[in-house]
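Colleague: Chain residues, written in single-letter form:
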Amino acid sequence: MKIYTGTGDRGKTGLFSGERVSKCHGRIEAYGDIDELGSVLGALGAALGSDQEDLRGEVQEIQAHLLCLSAWLATTPGSPAADALKPIPSGRAQTLERAIDRMQDALPELQGFVLPGGHATAAWAHLARTVCRRAERRLVAVVEVESAEKDAMMNEAMIYLNRLSDYLFVLARTCNRRQGVSDALWEP
Amino acid sequence: METVSVLERRALSEAVFELQLSRPSGFAFTAGQWLRLSYRGTTRSYSMVSGPDEPFLTLCIEHVPGGGLSPALASIDVGTRVGIDGPHGYFTFLESSWRSFFVATGTGIAPFASMARSGVQGFTLLHGSREREQFYYASLFRNHPCTYIPCLSSGEAPEGGFSGRVTHWLEQHLAPGAYAFYLCGHHEMIREATLLVDERFPGSVVRIESYS
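Protein chains in written order, with numbering that gives the first Met the number 0: chain A, 0 to 187; chain B, 0 to 211.
Errors might be hidden in some of the hints.
Going by beta-carbon spacing under 7 Å, a handful of chain B positions derived as facing chain A [said to hold, decoys possible]: (1) His87; (2) Tyr89; (3) Ser96; (4) Val204; (5) Arg206.
Source of the hints: derived by calculation from the structure; they are not laboratory data. Every residue, glycine too, gets a C-beta built ideally from N, C-alpha and C.
Kindly generate the complete structure, drawing on both the sequences and the hints.
Modeller: Here it is as structure tokens:
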């Protein structure tokens with residue numbers, strides 16, 4: 000099977016639910032950012048050493064969750080195609096919260112604003128955090144433009160991305176600590 | 000990956016044949032889905048042409064000379080064990096208020112035959128082919144509550160059909176409006192049809208399964 004179809008050569012693409020939309024449609028922008036986030040997480044996973052299997056496993060699980068979010072973003076709410084998708088489980092944000100709390104317990108208290116960077120793994124985690132925030136902003140735009148505030152899956156996705164950025168911040172600090180690198184603090 | 004037996008091999012034309020496989024218990028699928036078939040270390044994907052309630056799995060396969068798997072399958076013996084994995088895919092019929100147009104080229108007719116066998120009705124099916132003898136499953140569709148339009152890309156129109164490509168039929172016969180298009184087959188047809196929909200039938204939905 001060829002990977003290219005040429006159906007997008009004139010600036011349109013197809014949603015999973017079948018509608019043909021502009022490639023700068025809000026939903027495409029949003030799941031494009033989630034795709035970028037997944038790729039940055041892939042770089043983070045690749046940079047994690049063999050002694051960081053626990054973190055790599057978490058990162059890969061998040062990548063899978065992001066694909067699930069993307070599928071929902073690629074589907075017009077209420078369309079028949081939505082029936083083919085698995086619901087986003089409501090407990091995923093809580094799983095992130097537990098991971099945040101677990102990592103936080105092993106970190107020194109934060110003394111100020113952290114400058115993104117340090118060890119390469121921490122730098123990737125910070126980059127992922129900023130892409131995550133952008134994806135969240137795009138998602139909020141979709142929800143506002145489409146008046147989809149009552150769409151359960153969009154709400155789950157917003158909660159998940161909001162919590163994921165927090166997770167990635169703490170993950171960045173954890174990566175630095177495990178590598179023996181101190182977080183650089185902002186000195187105004 | 001499960002192992003199943005080849006029960007029958009039946010030629011549909013010089014280049015296309017059906018392979019009937021035993022169906023493992025628990026192998027449930029929706030019409031339009033496909034499976035991965037593995038034999039002698041090579042794996043390819045094929046849509047089911049049989050209905051979801053039939054006792055066997057039937058595939059419609061084009062013998063591609065020099066291809067990775069189809070030449071071996073074209074001469075496979077009944078009783079041979081092959082591996083299957085699936086079902087996969089989302090190219091399934093979705094009920095909607097739009098009028099449905101199924102558009103196929105070559106063996107891309109397979110998922111539509113499965114859909115018809117699963118009870119989907121009322122659609123218009125355009126099947127494009129270069130050769131008159133390659134309108135596979137024509138009798139199935141002629142006896143099914145649907146509109147069947149074989150499209151012969153060159154030469155005199157077949158019975159109840161059209162002389163020209165499937166995209167030409169859409170250009171010439173379909174009034175402006177929004178429809179549900181299901182496209183399956185060669186990627187060039189899919190590209191042409193999709194771009195035509197963008198231009199002539201905005202607001203339509205397009206579902207795609209590319210075979211090449």
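Colleague: Next, verify each hint and record whether it holds.
Modeller: Comparing the hints with the structure gives:
A distance limit of 7 Å between C-beta atoms decides the matter here; for His87(B) the minimum to chain A is near 12 Å, and the interface restraint is violated. Taking 7 Å as the C-beta cut-off, the interface hint given for Tyr89(B) holds, the closest approach to chain A being about 6 Å. Annotation: interface hint on Ser96(B) violated; nearest CB of chain A at approximately 10 Å, more than 7 Å. Given hint, Val204(B) at the interface with chain A, holds; its Cβ is 3 Å from that chain's nearest Cβ, closer than 7 Å.
Because the closest C-beta pair between Arg206(B) and chain A is about 5 Å apart, less than 7 Å, the hint holds.
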